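Student: Sequence:
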Amino acid sequence: MPFINPLSFMGTPPSTTNDITSSTTKRSVNFNRSSAPNNDHLNGQEREKYRYVEAILKAQDYYQVLDVTKTATPEDIRRAYIKRSRVCHPDKFVPPYEPATESFQLLSLAYETLSDPSTKLMYDLSSNKQQSFTPNGSRNPNDTLQRVLHQLFQEMMEGEFQTMRAFIHAMNETNPGMHISDDAIAHIEVGFRKMRELFMSTQHYYHVVQFDLMRLYELQQELRSLSYFNVWGRMQLSITMCKTLLQLPISINMESRLKHQRRIEDDKDSDDSQGILGIRVENALKMAVGLLETGERYTTWR
Numbered sequence: 062m063p064f065i066n067p068l069s070f071m072g073t074p075p076s077t078t079n080d081i082t083s084s085t086t087k088r089s090v091n092f093n094r095s096s097a098p099n100n101d102h103l104n105g106q107e108r109e110k111y112r113y114v115e116a117i118l119k120a121q122d123y124y125q126v127l128d129v130t131k132t133a134t135p136e137d138i139r140r141a142y143i144k145r146s147r148v149c150h151p152d153k154f155v156p157p158y159e160p161a162t163e164s165f166q167l168l169s170l171a172y173e174t175l176s177d178p179s180t181k182l183m184y185d186l187s188s189n190k191q192q193s194f195t196p197n198g199s200r201n202p203n204d205t206l207q208r209v210l211h212q213l214f215q216e217m218m219e220g221e222f223q224t225m226r227a228f229i230h231a232m233n234e235t236n237p238g239m240h241i242s243d244d245a246i247a248h249i250e251v252g253f254r255k256m257r258e259l260f261m262s263t264q265h266y267y268h269v270v271q272f273d274l275m276r277l278y279e280l281q282q283e284l285r286s287l288s289y290f291n292v293w294g295r296m297q298l299s300i301t302m303c304k305t306l307l308q309l310p311i312s313i314n315m316e317s318r319l320k321h322q323r324r325i326e327d328d329k330d331s332d333d334s335q336g337i338l339g340i341r342v343e344n345a346l347k348m349a350v351g352l353l354e355t356g357e358r359y360t361t362w363r
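Take any residue in the sequence shown, count from 1 to its spot, add 61: that is its number in this note's numbering.
Simulated from the structure, these hints should not be mistaken for laboratory data.
It is possible that some hints are incorrect.
What the hints assert, rightly or not - Below 20 Å or equal to it, Euclidean Cα-Cα: the simulated SDA-like pairs (lysine to any residue) are:
no.	residue 1	residue 2
1	LYS347	HIS248
2	LYS144	GLN106
3	LYS347	GLU283
4	LYS110	GLU159
5	LYS153	GLU258
6	LYS255	ASP273
7	LYS320	GLU258
8	LYS131	SER176
9	LYS144	HIS248
10	LYS347	VAL251
11	LYS144	THR134
12	LYS181	PRO135
13	LYS131	HIS211
14	LYS110	THR134
15	LYS304	ASP204
16	LYS255	HIS265
17	LYS144	ALA247
18	LYS110	PRO151
19	LYS347	ALA227
20	LYS119	SER179
21	LYS153	ARG254
22	LYS304	ASP273
23	LYS304	LYS320
24	LYS304	LYS347
25	LYS304	GLU279
26	LYS255	HIS240
27	LYS181	GLU234
28	LYS347	GLY294
29	LYS255	GLU234
30	LYS144	LYS320
31	LYS304	ILE246
32	LYS255	GLU316
33	LYS255	PHE290
34	LYS144	GLU316
35	LYS153	GLU136
36	LYS304	ARG208
37	LYS304	VAL251
38	LYS304	THR263
39	LYS110	PHE272
No experiment lies behind these values; they were computed from the predicted model shown.
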């Protein structure tokens, strides 16, 4: 599934077990339980996190965990897994919220089971859908998410800079007040190439951009669902997608500078005080993001 060309708004056309990792405890987790706290003081977005956790932990089977039907395709299952993971990932809860960790474990287990045709068939043939499981160290839910994100990155980055360059040039031509210079575009290209090389060689930085990658994937799915005649809606989504895409290398460079400042072992032998990409590249990316945010506000107000 290649990355959707943002210019399209202009008219161009593993094996799975029932076990999950817990390094510190061994406890049985049942589907049929409620975990919602008293959250009357929370805003709508915050409440949504707890509603997702509650729904997952109350689910009667893996299909309800992911909120999909038995006829769901592998892509439907992946889409549901990413959507729910982005909302109720344990990192979204401060202070830590134990039921969120349990719901994330269930999400990963449900995804591992239903995304593989053989384990899905075995599960469908099972008579006991209200399963419980005891962690035994054989699977880490974060490994599942990292593997999915790695696959997403490879798919979405296919031809990423050619698409980005074309979009930026189109924006420059139609919006002179939002002009991004050729020098800035060259720096942005350097940033994307370095980011791609980094992600192909290590998974260390995936946790830094995991929520942006999931958001980018959801935006891509929204764009797919829009009619080609909805020009304004496609333009709005395209600007937001490009902005989110440009934020990935910014976040990575900021994290690499923090690593240098903390003198983490991985960077002891490198003089990397300006980060993996360098300050000039980071500033060029930030400038482009700022201009896209201006375009985002313009399309929202219109």
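Student: Of all the hints given earlier, name the ones this structure violates by number, lowest first.
Tutor: Numbers 3, 5, 9, 13, 14, 15, 17, 20, 21, 23, 26, 27, 28, 29, 30, 33, 34, 35, 36 and 38 - these are the hints that the structure violates, sorted from lowest upward.
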